[in-house]
Amino acid sequence: MKKLALYLSLLAVIVLLFIASLQIGIIHLQTPLWDLIGKHDGIDATTVWDVRFPRVFGAALLGAALGVAGVIAQGIFRNPLAEPTLIGLTSGATLGSIAVIATGAAAFGSRTNVESAVLFAGLAALLVQLLAPNKGLGFLITGIAISAILTALAGVMISISAKPGVQSLSFWNFGSLAMLNNQTLKIIAPFIELGFISAFMVSRKLDIYSLGENSSHYMGVKPKQIRLWAIISLALLIGPAVSAVGAIAFLGLLVPHIVRLLVGPSHRRALSFSALIGAIILMLADLASRTLFQPHEIPLGLLTSLIGAPALIILLRLRSAQWVSHD
Amino acid sequence: MINVKNLSFYRESRVVLDELDLQLAKGELVLLSGPNGVGKSTLVQLIGGVLKPTSGEITINGTDISKLKVKDQALLRSIAPQRRIFTLAYSVSEILHLLPEKRRSFNVDLIIESLGLVEIMASKVTELSIGQQQRVSLAIALIQEADFYLLDEPFSAQDEDSVLNLVALLVEIKKEKGVMVVSHKTGTHYSQFDREFKLT
Chain A
0 MKKLALYLSL LAVIVLLFIA SLQIGIIHLQ TPLWDLIGKH DGIDATTVWD VRFPRVFGAA
60 LLGAALGVAG VIAQGIFRNP LAEPTLIGLT SGATLGSIAV IATGAAAFGS RTNVESAVLF
120 AGLAALLVQL LAPNKGLGFL ITGIAISAIL TALAGVMISI SAKPGVQSLS FWNFGSLAML
180 NNQTLKIIAP FIELGFISAF MVSRKLDIYS LGENSSHYMG VKPKQIRLWA IISLALLIGP
240 AVSAVGAIAF LGLLVPHIVR LLVGPSHRRA LSFSALIGAI ILMLADLASR TLFQPHEIPL
300 GLLTSLIGAP ALIILLRLRS AQWVSHD
Chain B
0 MINVKNLSFY RESRVVLDEL DLQLAKGELV LLSGPNGVGK STLVQLIGGV LKPTSGEITI
60 NGTDISKLKV KDQALLRSIA PQRRIFTLAY SVSEILHLLP EKRRSFNVDL IIESLGLVEI
120 MASKVTELSI GQQQRVSLAI ALIQEADFYL LDEPFSAQDE DSVLNLVALL VEIKKEKGVM
180 VVSHKTGTHY SQFDREFKLT
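In order, the protein sequence lines correspond to chains A and B.
So in numbering that gives the first Met the number 0, spot 90 of the first sequence is number 89, and the numbers just go up one at a time.
So in numbering that gives the first Met the number 0, spot 8 of the second sequence is number 7, and the numbers just go up one at a time.
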């Protein structure tokens, strides 16, 4: 009951944030927001529906995706630090995205661009799994090393490409919702929805998997299969996000920690809540990034790092961060 | 019946198990004993299907386990590994509900009571003592509905009373199931076991 009340409150916060974010911005609306519903002409209508709406909706959708991805990543690698960024998925998606743009195979924000990001994200995660000597520290360090290689390759491609849509390395590394439009959203949304469905399907098995690989096998859940399934879910969530807005740091790491403090470790419950918390944090961060230093806009990933990293340290220091260390 | 036939297992060309034969039938409570490092846990992992035999075969109720899917193996036998590391702070109650209702033994209440978990159902598994964690680990395996139960060193962190309660529970369970306990220790509490299989 308490959890249902919490869930509904978080949903209410999202709705309020949504309305506030449509309302607030550099251009002051002359017409009340209410009167703009269904209208598509005039500066106010264009500002709200073509500029602000895709950003706000995108922030909610991608925040939810990154939050859910964080829970899946920590669950499947049984490691509280297994953020998609640290284990190769994000840099894989970045490289996949840049590769098709830089070679001229597809335009920024196109379906091919998204598909390539999804594919490369999944391959990068598999590569890290394949090369890691163990599931603990060795796994994370392998992930960091692979990420560095993939990011460097992406940087080289950007340097030698003259294609206009390739964006700067700073865009890819620090993330920004500024390029989001309704067209891109329509392309990435189905991928992310598939990612949500697949993540929810894998979530119950992740509880059993958390007892260890042998235990999982003894209880009827094949570890190899669940890992593959989880990586596919992660690629479907992270790939589209990165292809559209670049890498947004710390969200995938921070959200699961907050959620476990609120509702405990059960993966299915954690998933529903992490979608909401992720959406709220990213909506707040986006609102801050475009209003704090008007008319300048701060890259979103910088903000999430500035808020997320200290918050994470505080959470980790609370004993109740709900993880015990592996041996 | 679990039937281990002519089973050998080599680890990097070192012989761990050599042409072993072993049976476990329903209605039996069997002790698998032997000194440390003789391959008892390896045998459990082979029967559990996480290791593959170098040669020989293991059948459960007549079917070679290598031909069974992981989820079908889990319907035939349940295993408590020697060590379970709890990484997430589930409550004891939550962790005993990870399996869907239809795969839980009808004996759940008796198991929870015999293992002394009633008072700690709301506690977080990560905050329990080693002995309590071991009893939770045993409960996880025993409430999984199956024909055969294999417990790897279930007494290692238990005091005398807990051992007696656990043995009494296993005697109850073996009325309809087959139970094998792996232990390197000897003691009086094994008097209620039907037989001992020594691994040397």
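Rather than coming from a laboratory, the hints here were simulated on the basis of the structure.
Values in this document were obtained by computation on a predicted structure and should not be read as measured data.
The beta-carbon is built from N, C-alpha and C at its ideal position, and this holds for glycine as well.
Be careful, since some hints might not be right.
[Claimed, not checked] Capping the alpha-carbon separation at 25 Å, the derived lysine to any residue pairs in SDA-like fashion look like this:
{"hint": "1", "chain 1": "A", "residue 1": "221", "chain 2": "B", "residue 2": "6"}
{"hint": "2", "chain 1": "A", "residue 1": "223", "chain 2": "B", "residue 2": "25"}
{"hint": "3", "chain 1": "B", "residue 1": "101", "chain 2": "A", "residue 2": "222"}
{"hint": "4", "chain 1": "A", "residue 1": "221", "chain 2": "B", "residue 2": "9"}
{"hint": "5", "chain 1": "B", "residue 1": "25", "chain 2": "B", "residue 2": "146"}
[To be verified] If you want a taste of the chain A side facing chain B, the calculated C-beta under 8 Å gives, among others:
{"hint": "6", "residue": "167"}
{"hint": "7", "residue": "211"}
{"hint": "8", "residue": "214"}
{"hint": "9", "residue": "218"}
[Said to hold, decoys possible] So these bits of chain A aren't anywhere near chain B, every CB distance computed over 10 Å:
{"hint": "10", "residue": "44"}
{"hint": "11", "residue": "210"}
{"hint": "12", "residue": "220"}
Status of the hints after comparison with the structure:
Proposed proximity of residue 221 of chain A and residue 6 of chain B is supported: the alpha carbons are some 24 Å apart, at most 25 Å. Straight-line distance between C-alpha atoms of residue 223 of chain A and residue 25 of chain B comes to about 32 Å, which puts the hinted pair past the 25 Å bound. A C-alpha spacing of about 22 Å is found between residue 101 of chain B and residue 222 of chain A, which places the hinted pair at or below 25 Å, so the restraint holds. Restraint check for residue 221 of chain A and residue 9 of chain B: satisfied, since their Cα atoms lie roughly 24 Å apart, inside the 25 Å limit.
Taking the CA atoms of residue 25 of chain B and residue 146 of chain B, the gap is about 7 Å. The hint holds against a cut of 25 Å. With a least beta-carbon distance of about 40 Å to chain B, the hint placing residue 167 of chain A at the interface is violated under the 8 Å criterion. The beta carbon of residue 211 of chain A is positioned within 8 Å of a beta carbon in chain B (closest approach about 6 Å), and the interface hint is therefore held. Interface hint at residue 214 of chain A: satisfied, since its Cβ lies 6 Å from the closest Cβ of chain B, which is below the 8 Å cut-off.
Taking 8 Å as the C-beta cut-off, the interface hint given for residue 218 of chain A holds, the closest approach to chain B being about 6 Å. Look at residue 44 of chain A: its CB is around 48 Å from the nearest CB on chain B, clear of 10 Å, so calling it non-interface holds up. Not every Cβ of chain B is farther than 10 Å from the Cβ of residue 210 of chain A; the closest lies at roughly 6 Å, contradicting the non-interface assignment. A Cβ of chain B approaches the Cβ of residue 220 of chain A within 10 Å, the least distance being about 7 Å, so the stated non-interface status is violated.
The structure fails to meet hints 2, 6, 11 and 12 from the earlier list, while all remaining hints are met.
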